[in-house]
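Trainee: Can you make the complete structure from the sequences, with help from the hints?
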Amino acid sequence: MKPLLKNIFWLVIIETLILTGGLVLSSSCDPGFEFAGIAVLSLSFTLLSLLTLIIFFIGQKKEPEARTMYILVALGIKFILEMVIALLWFFVAKKTGLTSVILFFVLYLAFTLFSILVVLKTLKYKPL
194 MKPLLKNIFW LVIIETLILT GGLVLSSSCD PGFEFAGIAV LSLSFTLLSL
244 LTLIIFFIGQ KKEPEARTMY ILVALGIKFI LEMVIALLWF FVAKKTGLTS
294 VILFFVLYLA FTLFSILVVL KTLKYKPL
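Residues in the sequence shown are numbered consecutively from 194, following my numbering.
Here are the simulated EDC-like cross-link-like pairs (lysine to aspartate or glutamate), alpha carbons at most 20 Å apart as the crow flies:
1) Lys317 / Glu256
2) Lys288 / Glu227
3) Lys288 / Asp223
4) Lys287 / Glu227
5) Lys195 / Glu256
6) Lys287 / Glu275
7) Lys314 / Glu256
8) Lys317 / Glu258
Derived from the structure by calculation, the hints contain no laboratory data.
If you're wondering where the values come from, they're calculated on a predicted model, not measured in any experiment.
Mentor: Structure, rendered in structure tokens:
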């Protein structure tokens, strides 16, 4: 399987696990957030990670000088769009409760770690 498709598959698995866990948690007890909140936030982080992976793997097909620029662009876009998501989540949607803040940063950490691990694993086998 191609590396991009393999990583998209793992991203979908992670998203499914997060949504399933959120549904079970929100239906069995009162965690302080609704399932719609976790669904919107995790789907936005999933789409952002997917965009990062696509840009990164397009850059892996280029020569080494362009490869570095693609990696920087992918991570830069990811960082900027995550800040936009944070702005929308905390200031526009007014999700400033403790559970909403913890939910945001746990999902941010999970998807950022996934993206960084994919980049590092790929660069380990195909250096700049």
